[in-house]
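Peer 1: These protein sequences, in sequence, are chains A and B.
Residues 1 to 131 in the working numbering are what the first sequence lists, from first letter to last.
Residues 1 to 131 in the working numbering are what the second sequence lists, from first letter to last.
Just so you know, these hints were derived from the structure itself, not from any lab.
The reader is advised that the hints may include incorrect statements.
[Said to hold, decoys possible] Computed beta-carbon distance windows for the label pairs:
| id | chain 1 | residue 1 | chain 2 | residue 2 | range |
| --- | --- | --- | --- | --- | --- |
| 1 | A | GLY48 | B | PHE23 | 33 to 39 Å |
| 2 | B | VAL63 | A | MET1 | 46 to 52 Å |
| 3 | A | GLY79 | B | SER2 | 17 to 23 Å |
[What the hints assert, rightly or not] The following residues of chain B were derived to be distant from chain A, with all beta-carbon distances above 12 Å:
| id | residue |
| --- | --- |
| 4 | MET1 |
| 5 | ALA9 |
| 6 | SER12 |
| 7 | ALA16 |
| 8 | ASN20 |
| 9 | ASP22 |
| 10 | GLU28 |
| 11 | TYR43 |
| 12 | GLN47 |
| 13 | ASP106 |
| 14 | SER107 |
Where a beta carbon is used, it is the ideal one built from N, C-alpha and C, also for glycine.
Number of protein chains: 2
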Amino acid sequence: MSEKNRVLAANSAFYAAFLNQDFAKMNEIWSEREDVTVIHPGYSVLQGRDNVLASWRQILSSVHSPDIHFCNATAYVNGKVAYVICHETLTSNTLIATNIFSLENDSWKLLHHQAGPAPDLIDETPSGNVH
Amino acid sequence: MSEKNRVLAANSAFYAAFLNQDFAKMNEIWSEREDVTVIHPGYSVLQGRDNVLASWRQILSSVHSPDIHFCNATAYVNGKVAYVICHETLTSNTLIATNIFSLENDSWKLLHHQAGPAPDLIDETPSGNVH
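All chains, please: the whole structure from these sequences, using the hints.
Peer 2: Following this line, the structure appears as structure tokens:
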């Protein structure tokens, strides 16, 4: 399997853990590094593994945990760091995400996730502010 | 200068080019790689150097090019790839960005930029959808 495909498999595992509200898998997917970060849509950044995982525990344990799916994933590999850009489709809105991974003990682990609003996939009219 | 500080200097140069509507500098700041990407707030991803730089040419040549400043920048360095998370403050809104850089010929060059809505810095109430 190419490194790109391995990164895409890690990205897919992230969304499977999210959809399945599987905190144990989510915990495995994130890097063991202390300086991981996450930007949930509309929020500021959370820094540090404890803070990041606490946010996932809260999201995944909520009855409002979304019916989330991803598509259009593209991986960009640069040695031991890679990032994936993909769309996230939820019941009522579409997001777009940047997911940064690092190769640790031969596994691609998540270092950072940012998701923000995107146009619906059938309609490229922007849903937010332009720079 | 530490690598973190060099990455932060590259990040600062990106926002200076943006604020000063300096397309030549913006062109220099981006990696020469063909597979660079950008996610402007509310939009889908643009892939490829020509598309990414064309979007910047359009933004920087507009009379509506924003009065943009950044703050709270933190750099995360992983060998020859690094990313910076920072807030962007504009006249009427606050964004948060992930900027990914690669070390090319001893210069940190921008590979990817995503910005999306964030709470105002004095108010951590979210301004967008929660995951």
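Peer 1: Please go over all the hints and tell whether each is borne out by the structure.
Peer 2: Outcome of the hint check:
1. A:GLY48 - B:PHE23: 33 to 39 Å: Holds, at about 38 Å.
2. B:VAL63 - A:MET1: 46 to 52 Å: Given a distance of about 50 Å, which is inside 46 to 52 Å, the answer is holds.
3. A:GLY79 - B:SER2: 17 to 23 Å: 20 Å, holds
4. MET1: Consistent with the label, B:MET1 stays out of reach of chain A, its closest Cβ about 20 Å off (over 12 Å).
5. ALA9: Holds: least Cβ distance 20 Å, greater than 12 Å.
6. SER12: 17 Å, holds
7. ALA16: At roughly 15 Å from the nearest Cβ of chain A, B:ALA16 sits farther out than 12 Å, so the non-interface label holds.
8. ASN20: 14 Å, holds
9. ASP22: 15 Å, holds
10. GLU28: Label holds. Min Cβ-Cβ 19 Å, cutoff 12 Å.
11. TYR43: Violated, since 5 Å does not exceed 12 Å.
12. GLN47: 7 Å, violated
13. ASP106: For B:ASP106, whose nearest Cβ neighbour in chain A is about 16 Å away, the distance exceeds 12 Å, so it holds.
14. SER107: 15 Å, holds
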